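The listed protein sequences derive, respectively, from chains F and D.
Okay, so the first sequence: first residue is 1 according to the numbering used here, each after it adds one.
Okay, so the second sequence: first residue is 1001 according to the numbering used here, each after it adds one.
Some hints here could point you the wrong way.
Unchecked claim - Once the Cα atoms are required to be at most 27 Å apart in a straight line, the calculated DSS-like pairs of lysine-lysine come out as: (1) D:K1203 x D:K1031; (2) F:K319 x D:K1203; (3) D:K1191 x D:K1064; (4) D:K1203 x F:K367; (5) F:K184 x F:K170; (6) F:K164 x F:K118.
Claimed, not checked - For each label pair, taking beta carbons as the anchor points, the in silico distance ranges come out as: (7) D:L1045 x F:D295: 21 to 29 Å; (8) F:A282 x D:M1109: 51 to 59 Å; (9) D:L1045 x F:G131: 34 to 42 Å; (10) F:N259 x D:A1199: 54 to 62 Å; (11) D:P1115 x F:N259: 56 to 64 Å.
Rather than coming from a laboratory, the hints here were simulated on the basis of the structure.
Note that the coordinates shown come from a computational prediction; the quantities given were computed from them, not determined experimentally.
All C-beta atoms, glycine included, are put in the ideal place defined by N, C-alpha and C.
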Amino acid sequence: MTEVVATNETILVVGGGISGMTAAIEAAETGKRVVLVEKRAYLGGRVSQFYKYFPKMCFPTCGLEINQRRTKMNPNITVLTMAEVTNLEGEAGNYNATITLSPRYINDNCTGCGDCAKVVEAEFDNEYDYGMSKRKGAYLPHVMAHPMRYVLDPAIIGTEDADKARAACKVDAVDLDMQQEEVKFNCGAVIWATGWQPYDADKIQPYGHDRFDNVLSNVEFERMCDPKGPTGGKIVRPSDGKVAKNIAFIQCAGSRDHNHLYHCSRICCMATLKQTNYVTDALGDDADVTIYYIDIRSIDRFEDFYKKVQDNDNVKFIKSKVASVTRDSGGNPVCNGVDTEGYHRYANAHDMVILATGMEPSVDADKFPVDIVINREGFIEADEKNGGIFAAGVASEALDVNRAVQHATGAALRAIQVINRVATTEA
Amino acid sequence: MNDLNTNMIEKYRNSFLNEVEANVEEGEWVKMCMQCGVCSGSCPLGNAWEHPPQELFMMIRAGKREEVLSSDSMWMCTSCYNCIVRCPREVPITHIMHGLAHYARRLGMEPKEQPTAKFAQLFWDNLMKKGRVNELKLGIDLYFKVGEGMKTALKNKDIGIAMWKAKRMNPMEFFGGHAVKDLNGFQKAIKKAEELEAARLDKHKA
């Protein structure tokens, strides 16, 4: 059984992505007790799936490693993975949380050696690569996963594969009898950092993400560019494996659109400008990149980054939201539309089209356990009615990593204030 | 405020946008267009338009009254509603196009010999007589006033006969045709609506 020591001076952090980790660490390093709850089998969230950060083009693995280490070293933090908050009741200073833990079928003995994965045969779509690669039924979610422990897919439990995995394990880490369990504990404040999911590109019907192999979303392209990703970092067309040189990016795919997401997702412009660098770095002068946009929103100091991309002769900008994507006889996606600078009609064929899809908040307004103010866009509003529940990062609005971390630090401070109030009254 | 400021405000005061907002159906939406171009790219007849909707909106905001109202473009709209469905800001583009066409017609600024405009007039006149559209007469009018007369009529004769056989069209309708129950009431209602519309238009003209 999992045991959690917590009181009403404990802070519950929901979501172990970059925001949740930051909030948990910041609060724990001031001496508060924190329980960090993460739905996935590892910490790091969406950030762990990025190849590089803008604007410095450095690797997120670097910052993640530091944060993972801070989490690991801090005795004030209890991490629960594969865990979800299923109930929450109470008020600021005194909440009762119910957490449901899914079985991992691997216990703490796991050394991460990978012997189980070698013998298991069943394969599944790898969610870490957005289904662009396969993983085994016994798997390490990604090379830098924390906790560094394998996971058994529930689908192989009761099959031969599960027995093989248990037999192969030298440290007795496979526990096929593990059950789903419920943990209840007391806490004083809650930081809600459930982050985002990429807007489902299939819903943007005219762009054909569901019909055309060579139309990808930006998160899929990000995985493709990562050397640890499904193509080993090669930028190739999914339809025929040929190197893609002529690549188009469609901005505001699903954002700022009353048919999809109302809000501007804020990061997609910079993500696209960043991704043009992947293409020009890989192909040099062979790269032929086109960005279709309504307006480029490279917020504040990122203007400099935008200017540098504009100066690159291999990248051109067309001011127009593409009306539809069709496919020509060669399997090339064709962007159709009318540009705003001169109203010229175009039908441009490309090797590959990347949809700069936006951020959809993962806050479930219908199932939120307590009363909370959620706006039309689905983000949590900062409101006194929320009591001791504070949104951090993308649960509050569309933010890049930098701003999400700042926001999470702010949320940690708000939670600390509630805890301090509780501590003072009780002393 | 000094003279320079007042002069500049006068210079940039866009009276045409105000005029459109006041007189054109759904005209108050014109300012909401963010010039993304999805409407123009989604229009199945886009090639036939001199100025796609996106450009018309920009022209309105730029105060190009003559060019917009005498344009042939909004008469090209076939009401497929693709633009409305895809517009990221839910601008009712189709309605605005018809609103612009209607407003241009009221001012007598529509392009002459424009087939859609001519057909719209035929439809209206036809409808006003009996309160119902006489499809037979409307078809014949269309062939002779917009199409190539007898030649067009003969081209469509098989369809006409088939419709007659299927009781979808009655040749006897050629002689008068049937009316709505209260034709007098219908004409009164239309007359009243026209008076109201004229009064509204006069108010904005002043």
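Evaluation of the provided hints:
1. D:K1203 x D:K1031: holds, 22 Å
2. F:K319 x D:K1203: violated, 40 Å
3. D:K1191 x D:K1064: Cα-Cα ~32 Å, so violated.
4. D:K1203 x F:K367: violated, 54 Å
5. F:K184 x F:K170: violated, 33 Å
6. F:K164 x F:K118: holds, 10 Å
7. D:L1045 x F:D295: 21 to 29 Å: Taking Cβ atoms as reference, L1045 of chain D and D295 of chain F lie about 28 Å apart, which means the hint holds.
8. F:A282 x D:M1109: 51 to 59 Å: holds, 56 Å
9. D:L1045 x F:G131: 34 to 42 Å: holds, 39 Å
10. F:N259 x D:A1199: 54 to 62 Å: 39 Å Cβ-Cβ, so the 54 to 62 Å window is violated.
11. D:P1115 x F:N259: 56 to 64 Å: violated, 33 Å
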